[in-house]
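Asker: Line order of the protein sequences matches chains R and B.
Numbered according to our numbering, the first sequence terminates at residue 1107, and the numbering increases by one at each position without gaps.
Numbered according to our numbering, the second sequence terminates at residue 10204, and the numbering increases by one at each position without gaps.
Take these hints with a grain of salt, some might be off.
[As the list claims (entries may be wrong)] Derived DSBU-like pairs (lysine-lysine); straight-line CA-CA distance at most 35 Å: (1) R:1049 with B:10125; (2) R:1071 with B:10135; (3) B:10075 with R:1058; (4) B:10012 with R:700; (5) R:700 with R:711; (6) R:659 with R:562; (7) R:1053 with B:10135; (8) R:1076 with B:10075; (9) B:10125 with R:1071; (10) R:1058 with B:10125; (11) B:10012 with R:656; (12) R:1049 with B:10075; (13) R:662 with R:559; (14) R:656 with B:10075; (15) B:10134 with R:1071; (16) B:10135 with R:1058; (17) R:659 with R:561; (18) B:10075 with R:1053; (19) R:1001 with R:1071; (20) R:1053 with B:10125; (21) R:659 with R:626; (22) R:586 with R:496; (23) R:1053 with B:10012; (24) B:10169 with R:1053; (25) B:10012 with R:1002; (26) B:10135 with R:1049; (27) R:1071 with B:10169; (28) R:559 with R:623; (29) B:10134 with R:1049; (30) R:561 with R:626; (31) R:662 with R:711; (32) B:10075 with R:610.
Since the hints were made in silico from the structure, they are not lab data.
Owing to the predicted nature of the structure, the values given are computational and were not obtained by experimental measurement.
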Amino acid sequence: MSLNSKRSSSNRSNDNNKRKKQKITANQKTLGVVWGSNSPKSPFSDVGSYMTEKNRKLHNQFNAEATSHNNPIFAGVSIFVDGFTVPSSQELRSYMLNYGGRFENYFSRHRVTHIICTNLPHSKLKNHLRAFSAGLPVVKPTWILDSVASNRLLTWAPYQLEQLSNNQQPKLSTFFLSRNSKSSEDTFTNALCQVEPVIHDSSASVGKSEDGHSSGVEKVVEPSSQISMEADDTVSENTDAIMTDEQLTSVGVKCDEEDPAGGRNDASKDERNFQSELETNYQKPSTSVSSPCSDDQNVIEFPSSVSTRPSKQCHSTLSDPNFVENYFKSSRLHFIGTWRSRYRKRFPISSTGVDNGISNINTSSVSGNSAIIHVDMDCFFVSVVIRNHPELLDKPVAVCHSNNSKGTAEVSSANYPARSYGIRAGMFVRDAKALCPHLVIFPYNFEAYEEVADQFYSILHRHCNKVQAVSCDEAFLDVTHSNVEDPELLASSIRKEIYETTGCTASAGIAGNMLIARIATRTAKPNGQYHISPERVQNHLSQLPINALPGVGHVLQEKLKKQNVQTCGQLMMISKVSLQNDYGMKTGEMLWNYSRGIDNRLVGDFQECKSIGADVNWGVRFKDMKDCENFLTKLCKEVSLRLRSCGMQGRTFSLKIKKRRKDADEPAKFMGCGDCENLSHSVTIPVGTDNVEVLQRIAKQLFGSFYIDVKEIRGIGLHVSRLENIETSKQEKFNLKSWVTSGSASMDKQKHPMSNGHDKQNMDGTSVHECRDLRGSSVQMDNNIQNNQSSADRISTPPPLCHLDVEVIRNLPTEVFSELNEIYGGKLVAYITKGKSISESSSSLQNSLLEKEAINKEEELLDVEPILQKRKLSEIEAMQHEAVEGGAVSDSGSGPSFNVKSSFEKDDLLPSSLSQVDGSVLRELPEDLKAVIVLQLPAHRRQEICSNVAVVPPSENNQVSLGVKNSENLGSNHVLNECLWAGNPPKWVEEFKISSCLILKKLSEIYYRSELTRTLSSVLHQIISEFHQLNEVHQISDDSVNIMCEVLKQYIKVKIGKDIEEIYVCFRLLKRFAAKSQFFLQVYNGVFPYLQEAVDDNYGGSLSITP
Amino acid sequence: MERRENQTPQGKIAGVLVEFLEIAITSVVFLKGIYPSGAFERRRYMNVVVQRACHPQLRYYIHATVSGLLPYIQKGMVERLAVIFFNAHNVPLEKFVFKLAMDLSYGSAVEEVDLQFSLRSFMSKLSISESLTKKLPPDCRWEITAYFRSIPEAGTSKEADLWIPTDTKQWQQPPLITPIKSMSSEPLCLQLYLEHPCLSESLL
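So that you can see chain B by itself, here it is in the shape it has in the complex:
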């Protein structure tokens, strides 16, 4: 009679995933050092050390954004979730992209524990992947952007009306991709990779 049992595996996974994304995004923001490190406190999640934002607004932004996506993740509408760092001119410098793929037809039960086990590797990998990232110039900003497979119709739900199109400019060239971590298990497949603008190609 518990609520958990009532959920579809997708719903359950989405729940875990949203929780994970919230923490992962916080970790990414911490990693990029966009805020002073004092703005975060160490916490333990899924038995790994993670960072947690102390500032309520920061915490709320991440939480609200990600949990707002929950219904769409459940429906498999969200294709990618990107944490975009951009400079003062709204030009993105670096994107941390979470690519989601969920098998919506998957029917059997999913163990939360198994899923967390897989997701934990992201956290540990993320914490050591600073070398892959680029140093940000001062005065950077960041945002969370979700890429949908199809645009949710306005009016279908209240949440859909709340979404706004992003102002962030697009890159002219296809970006360079640096994978950080991939996980593919039934029915969830999650990948984290970096995207950098193409101009840096010359630097290589």
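Chain R extracted, bound-state conformation:
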């Protein structure tokens, strides 16, 4: 029995195929007999009966555990988990338990309905194919997860194991993908989020996470959907009309923060009115002014401005000096783009009102009872133009720049009668005319478009407070919470009103989300409305061609076609994972969602615009550089205008150039760009700008980097990205501007003496100082850019006295000098006199000390008490202080870092006593400064610091090294072991000097001689030459060995992290010495273990020291 069970358990965990084989093949029986005879107590005659019994038991266990679930999704499903899966087989089993399915521990063709596995090795795969030829589906575990998540049994087909469907070995890429198993988790959590609200009451957190998930999708979808919005009127965007390629995103929409005032949403009409009127005041007089919500009648004022259309003759940059302005004036896409920012100004509340008061918006849209209406005007550009020509209503009409029937102007929009002739947007006029000779062609009428668009939106906003504008003629309405009984009724009344007001027809699609609403509008067009209820979504989608989905363009469509996917129904068959494998995480997810009609976007979600710019790709021909520069200047002006109209400033500027390909012919389209190479350069500046001059400078600079023949240029675009809202950047900008101006002012002041300067050397001197000063201040700017009120003041002050070169100042003309002296409030004179004789006037010295904040070398340790009073020190800093006090002399590690901070605020404090001066720093200082500091110190300490700096009698020195005496570590020398390397010269040098040991004395001596290097290795190096003398010495005291060891240990400690080379050199020398000297041998042996330990700690190895 025990043997049997062991066998079976190992089998279970092992390969199940083996077991299967055994069951099938004949020799299995003999095996069983053998086992049976081995264990006579077993009640089973053979393995077969044992297994039957075991399976029965397992089933009983399973049944006992299974809970009676109210929704047995997996009824009738019996899974067998093969191999490693994510989630584990146990988790899958629990799903089965909870959702009414069955779980088989052992495969049986009779009981198992689905085989679950994530991946199969090739051998198993072949085996499976043979063994499971009965047609059992081999499915990935996601199927179960997704089914649980959507609370119904999904079809397994999309989840089929790819290896089986493709019948090939797993690719390397699949391994890489499975590694970031985030994807599967993601789907899981995402799906769970969708389910959650159904079960519980929707909690805010769920909504939030849902939001987070969906936001990813939205980002992908938004830009592409924008383009497809266009597609209603114009099929091919890229070859559109005269004006090509002008990006919609080029004119931005900034997304307002949600309004903190919750009441805004249900604000009274009056208030809104007031708001909008306020807004309209800002607008230019040329734009129409209508009060959006007040009365039913719209007051529309129209300026009697002459319509500015470009004269027909001025077609290219060659002939038209105002080409750029005219170009954009007559650009339809430009109109659409700029319309948006205009719209945002007109209806500012609408966007902010979205989030207010409707906290459960997310859940509602998920739970499926939301109602979205998509309203789209029918062939907007045509119908607006012909609304006053009722006789043309059923005649073919198109809108186009040129009426020349032989022209290569492109039809931008055609009405439905024209479309029935096969006329499409993007067609050349001559082709359109060929198809339909009596086609009536109208030019654009931008004023009319603006007017109708404004009317259109006024109506929409009156009916619904959640409107998302997509384009000038297209919008989404969220009527979920508008207390509307029947969205269909609302839609028809809106359409009716639109028709009555504007004379143009609109179509509407109604559905549960934006995606389906838009798809419904397609069906509704022209002049109709269509409602897709949630039940009918599946049906509607299954036959829908994939290119009807927003975000599916030509490229994606081609790719999908290769996979034999042409309708959403076919797309639905593909699992999310394989979609994501093939098309990337986001696109894959989007396809998966959209093919199922899932769209988590919310009405009112505005996309933050990423870049603003302008492209001109038509009519660009330059004769020479001057033309081109002129053009660039205009383009910059246009871009700057656009930036300003969006209230944005940008930091990254990219210039795109279309360059004619070498072998390209003159384009078919008159003045078009033809076959071009696209070149682009970009530059990023530190501060955002919308300034025309800056733009022009940058554009020229960028253009210069192309090295291009201007005659080859067919198109130029300038784009600005890394946009910053002008409001948020205002604060910063103010500071920087003030900085720049004040900086330049002070520069002027300094330049003045410079220009008067007599000898060249002096000029150099000052300029260097200036540079340093400026750099310093710019760093300061970076550090405290927020609270820069003070720094602006500080910067405008002249450089501190200590920065001035005495020589230069002394040689200045007297009038300049006196002027400067005034600036420094008379201190300059004192400073100069000080320069002449150092120890003369203590007051001026005081001054110079006060000003010395910028000397970074200077380290003064401040008294603890005043600092603690003035500002809150972090505890660490405080502790550092205490340590410093205890140790008398600051250890060089913590000193500087502290001082950098403190020197900002408290540069006017001298160390109150010697104990707070770092000797090493003091020593580094120039002689005159050192003398000054010593002079400034309290008298009773002066002697001591002198002794510390210069050579001192040993008795004095011991007093200096005051502090805690650590008696344990001391031998006969009462030295503090903590800081043998502290100070300058390090403590040990002093100690060794007075040592009785000759070698130590020598070391100290050499140390003094080697002033420059001050590394132990250099000292040891020099001792080589005198080594023979030292070797005579035989008396070695333990003390001297100990102190030497201690010195070395501390040296290791100091250097190990940053300079292992130095240690290495030292110990190689030491090893060499050790071979000859007993003393060094002892030292070497004493330190070596410590060294290796330290190396191991820091580098994970041991130092190999070859002598």
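Given the coordinates of chain R, assemble chain B onto it according to the supplied hints.
Answerer: Leaving out everything else, chain B in the frame of chain R:
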């Protein structure tokens, strides 16, 4: 308005460092003679003679690897960068380790020239440190391995996904270290040392 000024000192240093590492690694590969010396050409960098790989793939490998590290060096995530020479069984024989330490809080400007001056000493030291290295058996291979202080999360950036774990076997014992050159200045501290397997200890 130039891009350089926009950089943090760390970014600037990382830029110089990456350039230096590329050349230093090429020098190491040249030093070990793993390719015929004709595969390299003499060039001048920071006023010292250095080697430059002629073969585009070799050059690209070194360049791409090191410049791929740039963002991580900037963030101070890279602790060590090792050029590992290993035999046919993937057992490393010799590692040239660049240990990096950068003070991320260092705020003031750094002169590129100063940094290059310090880095130059590495090049000169490296060119004469052949005696420290061990002769490689024939049929050796090599790779560049970066040791991170913390593993960059996959998915945070595209580059992170490109990294693969190394197949090179680890030494059982802690290695023997032979320093070649150390440089410590504010805010960069760079050390180059050799690592050899421990078994050679008996040979000493």
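Asker: All hints, please: hold or fail.
Answerer: These are the hints, each one checked on the structure:
1. R:1049 with B:10125: 27 Å, holds
2. R:1071 with B:10135: Answer holds: residue 1071 of chain R to residue 10135 of chain B is near 25 Å, not above 35 Å.
3. B:10075 with R:1058: 19 Å, holds
4. B:10012 with R:700: 26 Å, holds
5. R:700 with R:711: 17 Å, holds
6. R:659 with R:562: 33 Å, holds
7. R:1053 with B:10135: Measuring from Cα to Cα gives roughly 33 Å; hence the hint holds.
8. R:1076 with B:10075: Violated. Residue 1076 of chain R to residue 10075 of chain B sits at ~48 Å, over the 35 Å cutoff.
9. B:10125 with R:1071: Judged against 35 Å, a Cα distance of about 22 Å means the pair holds.
10. R:1058 with B:10125: 17 Å, holds
11. B:10012 with R:656: 28 Å, holds
12. R:1049 with B:10075: The hint holds at about 32 Å.
13. R:662 with R:559: Answer holds: residue 662 of chain R to residue 559 of chain R is near 31 Å, not above 35 Å.
14. R:656 with B:10075: Within the cut-off at roughly 32 Å; holds.
15. B:10134 with R:1071: 22 Å, holds
16. B:10135 with R:1058: The hint holds at about 28 Å.
17. R:659 with R:561: 33 Å, holds
18. B:10075 with R:1053: 26 Å, holds
19. R:1001 with R:1071: 20 Å, holds
20. R:1053 with B:10125: 25 Å, holds
21. R:659 with R:626: Distance ~18 Å between residue 659 of chain R and residue 626 of chain R Cα, so the pair holds.
22. R:586 with R:496: 39 Å, violated
23. R:1053 with B:10012: 30 Å, holds
24. B:10169 with R:1053: The given pair, whose Cα atoms are some 31 Å apart, holds under the 35 Å limit.
25. B:10012 with R:1002: 44 Å, violated
26. B:10135 with R:1049: With Cα atoms ~34 Å apart, residue 10135 of chain B and residue 1049 of chain R stay inside 35 Å; holds.
27. R:1071 with B:10169: Answer holds: residue 1071 of chain R to residue 10169 of chain B is near 33 Å, not above 35 Å.
28. R:559 with R:623: The given pair, whose Cα atoms are some 43 Å apart, is violated under the 35 Å limit.
29. B:10134 with R:1049: With a Cα-Cα distance of about 30 Å, the restraint between residue 10134 of chain B and residue 1049 of chain R holds, given a limit of 35 Å.
30. R:561 with R:626: Judged against 35 Å, a Cα distance of about 49 Å means the pair is violated.
31. R:662 with R:711: 12 Å, holds
32. B:10075 with R:610: OK: residue 10075 of chain B and residue 610 of chain R at ~26 Å, within 35 Å.
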